[in-house]
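Protein chains: 2
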Amino acid sequence: MPSPATDRRLVILTEGHSGPITAKTANSVLRYQPEQVLALLDSTKAGKTAQEVMDVGGQTPVVASLDDVPDANTLMIGIAPAGGQIPQAWRAVILAAISRGMDVVSGLHQFLSDDAQFSDAAARSGSKLVDVRKNDEQDVAAFQGFREDCLRIHTVGQDCCVGKMLVAIELTRAMQQAGHDCKFVATGQTGILIEGDGSPIDCVVSDFISGAVEKQILENENHDILFVEGQGSLSHPRYSGVTLGLLHGCQPQGLILCYELGRTTVHGMGHVPLKPLAELCELYESMANLMGPSQVIGIAMNSRAATAEQAEAERQRVSEELGLPVCDVLRHGPEDLIDAVCQLKPQLALG
Amino acid sequence: MPSPATDRRLVILTEGHSGPITAKTANSVLRYQPEQVLALLDSTKAGKTAQEVMDVGGQTPVVASLDDVPDANTLMIGIAPAGGQIPQAWRAVILAAISRGMDVVSGLHQFLSDDAQFSDAAARSGSKLVDVRKNDEQDVAAFQGFREDCLRIHTVGQDCCVGKMLVAIELTRAMQQAGHDCKFVATGQTGILIEGDGSPIDCVVSDFISGAVEKQILENENHDILFVEGQGSLSHPRYSGVTLGLLHGCQPQGLILCYELGRTTVHGMGHVPLKPLAELCELYESMANLMGPSQVIGIAMNSRAATAEQAEAERQRVSEELGLPVCDVLRHGPEDLIDAVCQLKPQLALG
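So the protein lines, in turn, are chains A and B.
Numbering follows my numbering, with no gaps: position 204 of the first sequence is 204.
Numbering follows my numbering, with no gaps: position 216 of the second sequence is 1216.
Keep in mind the hints are simulated off the structure, nothing from the lab.
Any given hint might turn out to be false.
Beta-carbon label-pair distances, calculated as ranges [as the list claims (entries may be wrong)]:
#: 1; chain 1: A; residue 1: Gly-323; chain 2: B; residue 2: Glu-1282; range: 19 to 27 Å
#: 2; chain 1: B; residue 1: Gln-1088; chain 2: A; residue 2: Lys-134; range: 23 to 31 Å
#: 3; chain 1: B; residue 1: Glu-1312; chain 2: A; residue 2: Asp-114; range: 51 to 59 Å
#: 4; chain 1: B; residue 1: Gln-1177; chain 2: A; residue 2: Gly-262; range: 51 to 59 Å
#: 5; chain 1: B; residue 1: Thr-1264; chain 2: A; residue 2: Lys-134; range: 38 to 46 Å
#: 6; chain 1: A; residue 1: Glu-148; chain 2: B; residue 2: Thr-1264; range: 19 to 27 Å
#: 7; chain 1: B; residue 1: Gln-1144; chain 2: A; residue 2: Gln-316; range: 36 to 44 Å
#: 8; chain 1: B; residue 1: Gln-1110; chain 2: A; residue 2: Asp-7; range: 32 to 40 Å
Just so you know, these numbers come straight off a predicted model, no measurement behind them.
Even for Gly, the Cβ is constructed at its ideal location relative to N, Cα and C.
Please model the entire structure based on the sequences and the hints provided.
Here it is in structure tokens:
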């Protein structure tokens, strides 16, 4: 697991993949650790700003070559594609960074440190290869119960790439600022890069998913509230197993269902229609309640691609349909969801 | 993946763990490949027969030492405990087998071939170390659909260790004998040892569970009927993620729910009550139907610990409660479940 690494001066590699969803690791690091990012590396977009190509990151430049950023000490792989393999075309850039003595940080399934060419080069240059997803989890869940006063809120999804991590981080930060004792529990490579700890549960051997999550909760249940990052969806043809193992491992009392306005098919699988939100609320509650009392307390809408008017209309429609608070935490602020969290644990409203 | 290895002359190591459930790998190999087994190795039960300590295996002897079975050429690890670690006390026996040049076959999560002491010894003696669970699955599911005429029947469970593999094998063999074109699709280490192929899905990296299963189906969908071995349970606090990833990966049209008569708590977790069968039927159908039409077509009861009278009363009670055929495939034969399979695909009844 990487340390928070506050001395990192990053170039983020997004070559040919720049964009808010295609390069979601880059997007989130730009949002939550902008002070670390010197540049994006994408020769197809060189000369633009991060804001222009990623919708976040302000004036951070997009450059064509490592030569343009001599002060950088770390190359970060900025994408997390399905399957998590290293694009063949990126190998030369990674090797160039290693030969300069730069560290390389990756959240891919294909580990840099298992690649003989990369690890030989790193041994010569003294570079560190950091594979955020690499883990050795081998503990099954004990299911002995968590501290009763620790409220666990879990962001779950209609799909992947809808903002489950972002919502968990935004709620954590907003409630911390209001004086609550909260922690964000990261369960994916980007969340771990931002928080500095967590467990990459989509890369854990499948018998140990729930055990790995349980361990994260036990380590952090001294806090009053945990916001546990969700993964995938119970209805995702690829990742539903990860989603359920995570749901059962953290036994959340409260669920926040996340979705993107206007999306109709599974991300990257245009032949698979998404399930309706009402059906998903029922499904998540049924599955969560197998392990302990749990309810959906609110809906987090990602309205990135919508106008203010469209977002407002959708917010009202969904709220009326489901009888739940609905908001886009970036557009509307997280207050409605924070109220829902506080209602679940009345004493917190005072604190 | 091991070959069927018909020249194997096995000693199965069950030291201190002999018993039909504690040594479930040994139990199943004794049941389905008795011709390969020369002896069980358990010094605490030496002098008895396999039948006496395992409820299966007839006159196969239980011995105290490898010296008692000079003809054996392979040591097989006969247990599959939660977590899958090698009992410390077994290391000496495994090393002794390796030093004799015997191959060692293991289905544990802790790989023999990753252990420096074992692999060094094997390199010296020429022994083969076969880790059945070792895999390199890195493909996500494509979910492009299966051959329409391939009927997929999936054995699912109220719990682990209730007989999901056994039911799938018994149904496959009975229907093969009746002339149907069937195959057993193994998804766990013991099933793979018996069938000679399959995927150890509880040891696959969790993002790739459904993809690994899908690959098994695509490789075998030329058959008319596949019986896909289930794992764990949707309500199992440790393994539900594996169960759901498997369920969604094979998209079964028919489900057979397996349980053990008299069991009230999760195997090995006495503090966790089991969920009622009726609730589980609904849950499995809800989750399976996310990917395609699917229904529970019958109940497989494991009545190992019951009298004939108790088993008959339970069979009637459950059948009336759920409106489904119920049988113990070993005690009553598999006919009722075969009828249910044939009803799901009427044209098969003729063939």
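Hint by hint, here is what the structure shows:
| no. | hint | verdict |
| --- | --- | --- |
| 1 | A:Gly-323 to B:Glu-1282: 19 to 27 Å | holds, 24 Å |
| 2 | B:Gln-1088 to A:Lys-134: 23 to 31 Å | holds, 26 Å |
| 3 | B:Glu-1312 to A:Asp-114: 51 to 59 Å | holds, 56 Å |
| 4 | B:Gln-1177 to A:Gly-262: 51 to 59 Å | holds, 55 Å |
| 5 | B:Thr-1264 to A:Lys-134: 38 to 46 Å | holds, 40 Å |
| 6 | A:Glu-148 to B:Thr-1264: 19 to 27 Å | holds, 25 Å |
| 7 | B:Gln-1144 to A:Gln-316: 36 to 44 Å | holds, 38 Å |
| 8 | B:Gln-1110 to A:Asp-7: 32 to 40 Å | holds, 37 Å |
Of the numbered hints stated above, none is contradicted by the structure.
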